[in-house]
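Asks: Start from the sequences, fold in the hints, and give me the full structure.
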Amino acid sequence: KAGVTQTPRYLIKTRGQQVTLSCSPISGHRSVSWYQQTPGQGLQFLFEYFSETQRNKGNFPGRFSGRQFSNSRSEMNVSTLELGDSALYLCASSLEWGYKAFFGQGTRLTVV
Amino acid sequence: SQQGEEDPQALSIQEGENATMNCSYKTSINNLQWYRQNSGRGLVHLILIRSNEREKHSGRLRVTLDTSKKSSSLLITASRAADTASYFCATDRDSNYQLIWGAGTKLIIKP
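Sequence lines, in order, name chains H and G. Going by the numbering used here, the first sequence opens with residue 4, and the numbers climb by one from there. Going by the numbering used here, the second sequence opens with residue 886, and the numbers climb by one from there.
Calculated from the structure, these hints are not laboratory results. This list has only true hints and no planted wrong ones.
Under the rule of at most 30 Å between Cα atoms (straight-line distance), these lysine-lysine pairs were calculated in the DSSO-like manner:
| id | chain 1 | residue 1 | chain 2 | residue 2 |
| --- | --- | --- | --- | --- |
| 1 | G | K911 | G | K941 |
| 2 | H | K60 | G | K955 |
| 3 | G | K955 | H | K103 |
| 4 | G | K991 | H | K60 |
| 5 | G | K955 | G | K911 |
| 6 | G | K954 | G | K941 |
| 7 | G | K911 | H | K60 |
| 8 | G | K991 | H | K103 |
| 9 | H | K60 | H | K16 |
| 10 | G | K954 | H | K103 |
| 11 | G | K941 | H | K103 |
| 12 | G | K911 | H | K103 |
| 13 | G | K954 | H | K60 |
Distance ranges between label pairs, derived from CB positions:
| id | chain 1 | residue 1 | chain 2 | residue 2 | range |
| --- | --- | --- | --- | --- | --- |
| 14 | H | R66 | G | E890 | 26 to 34 Å |
| 15 | H | G19 | G | N937 | 47 to 55 Å |
| 16 | G | K995 | H | Q20 | 42 to 50 Å |
| 17 | H | E78 | G | A967 | 28 to 36 Å |
| 18 | G | D951 | H | P11 | 39 to 47 Å |
| 19 | H | R76 | G | N923 | 19 to 27 Å |
| 20 | H | T23 | G | H930 | 22 to 30 Å |
Just so you know, even glycine gets a beta-carbon here, dropped at the ideal spot from N, CA and C.
Replies: Here it is as structure tokens:
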């Protein structure tokens with residue numbers, strides 16, 4: 004059974020640009036969550052989606068957005084990148100909320 | 886915002902010894918999960934313990950949960966070099982659809 008796949012693994016962008024990260028959950032998993040991990044702030048929740056509906060959003064500016072498709076694949080977008088957006092972005096999937104979550108390897112975004 | 890706090894922040898022990906990490910949280914929870922992360926890579930799920938459970942085992946791992954004290958502990962017995970990693974606890978609340986994370990414990994197993 005394939006795990007959670009995140010693409011790309013590494014990304015370097017310039018301030019002001021935008022970026023789209025992709026997450027393919029484990030087959031059959033309908034809940035997809037996104038987290039940002041930085042050395043200073045630790046793991047911070049971004050969004051959670053279930054059946055194409057965003058059920059919760061973390062305390063991030065509107066530049067951070069996401070969506071989920073009918074096949075449960077999810078994307079997150081960050082517009083007008085800032086240096087502080089440099090982080091490891093992690094995606095997790097689970098059958099439903101409250102079940103154990105499986106994480107992808109993450110996308111390491113560097114903003115220069 | 887972070888709900889949980891792990892202690893110690895760092896732990897260095899000899900291979901073969903037991904390692905105990907603690908996690909405290911602030912609000913009532915549905916369940917608590919422990920994860921391992923190697924060198925800034927993806928998180929690996931270790932154990933999920935529900936709020937009505939007190940103890941769970943998985944191989945060399947033992948997790949306890951004390952909801953009255955809002956705390957959990959992770960015990961790794963007979964540690965191995967491969968256990969070197971950062972360990973995080975994460976909690977979720979009813980219908981909140983987000984995991985709230987502790988700052989993690991960095992565990993180093995010395996050969």
